[in-house]
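Chains as they are written, first to last, in our numbering: chain A, 1 to 110; chain B, 1 to 113.
For the record, the hints were derived by calculation from the structure and aren't laboratory data. One should not assume that every hint holds.
Now the stretches of chain B that chain A is said to cover, found in silico as 3 or more residues with beta-carbon under 8 Å [claimed, not checked]: (1) 21-28; (2) 50-62.
Computed cross-link-like contacts, DSBU-like style, restricted to lysine-lysine with a CA-CA straight-line distance of at most 30 Å [stated by the list, open to error]: (3) B:57 - A:51; (4) A:36 - A:59; (5) B:57 - A:36; (6) A:57 - A:70; (7) A:59 - A:70; (8) A:70 - B:57; (9) A:36 - A:70; (10) A:56 - A:109; (11) A:51 - A:70.
What you are looking at is a predicted structure, and each value in this text was computed from that prediction instead of being measured. Even for Gly, the Cβ is constructed at its ideal location relative to N, Cα and C.
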Amino acid sequence: GQQVMQIPQYQHVQEGEDFTTYCNSSTTLSNIQWYKQRPGGHPVFLIQLVKSGEVKKQKRLTFQFGEAKKNSSLHITATQTTDVGTYFCAANAGGNKLVFGAGTILRVKS
Amino acid sequence: KAGVTQTPRYLIKTRGQQVTLSCSPISGHRSVSWYQQTPGQGLQFLFEYFSETQRNKGNFPGRFSGRQFSNSRSEMNVSTLELGDSALYLCASSLSGQGPEAFFGQGTRLTVV
Chain A
1 GQQVMQIPQY QHVQEGEDFT TYCNSSTTLS NIQWYKQRPG GHPVFLIQLV KSGEVKKQKR
61 LTFQFGEAKK NSSLHITATQ TTDVGTYFCA ANAGGNKLVF GAGTILRVKS
Chain B
1 KAGVTQTPRY LIKTRGQQVT LSCSPISGHR SVSWYQQTPG QGLQFLFEYF SETQRNKGNF
61 PGRFSGRQFS NSRSEMNVST LELGDSALYL CASSLSGQGP EAFFGQGTRL TVV
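Make the full structure from the sequences, and use the hints.
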């Protein structure tokens, strides 16, 4: 079945530093979604990317979808303590079935 | 608009018992999906229901089952519980179609002892 690899598993950054998490698939994706899960919380939708080479920004967050639609990244500029949590990418695998990456846990030291 | 509601929030069961979890999707959403989240396996898809029909199924044993009612509310059942079934069970609702954003509930934390 479809798999999405996500790295790194953990990242500890100093407040103000940048953060990036990457997702890769061996197959072409129809779209990719990103979610954030705060400690003790539930996943919350951030964005969906559909087009090849698409780049979308949400304040300090930049999302990219690769030209081949096989990889994606989320970059956070100047992290803040409110950015703490686990970031997941998720690929649509038919209907509303989502295949999630393993997630990247972000810790921010103030 | 009310979000996705899952009940109960916490549950402790004994091995061999069965359990039923409930999910009420956002009003107007016809698709309900269930996921199991564990530290070791991450978020894994269980099944999706759309207009009372199971549309997708993950790779879980037959002990895991679900259903959806005409008002789109969904239940999942796990029979003959095993210790490894301890997890956070998340329900997600989507408006319809393929690929729209999923709105997750707070989850039910199931502990099997």
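A quick look at each hint next to the structure:
1. 21-28: Our answer is that it is violated, as 0 residues pass the Cβ test (under 8 Å) against chain A, missing three.
2. 50-62: Check passed, 5 qualifying residues.
3. B:57 - A:51: 27 Å, holds
4. A:36 - A:59: 15 Å, holds
5. B:57 - A:36: 24 Å, holds
6. A:57 - A:70: Answer holds: residue 57 (chain A) to residue 70 (chain A) is near 20 Å, not above 30 Å.
7. A:59 - A:70: 25 Å, holds
8. A:70 - B:57: Measuring from Cα to Cα gives roughly 24 Å; hence the hint holds.
9. A:36 - A:70: With a Cα-Cα distance of about 21 Å, the restraint between residue 36 (chain A) and residue 70 (chain A) holds, given a limit of 30 Å.
10. A:56 - A:109: 27 Å, holds
11. A:51 - A:70: 11 Å, holds
Of the numbered hints listed earlier, the single one contradicted by the structure is hint 1.
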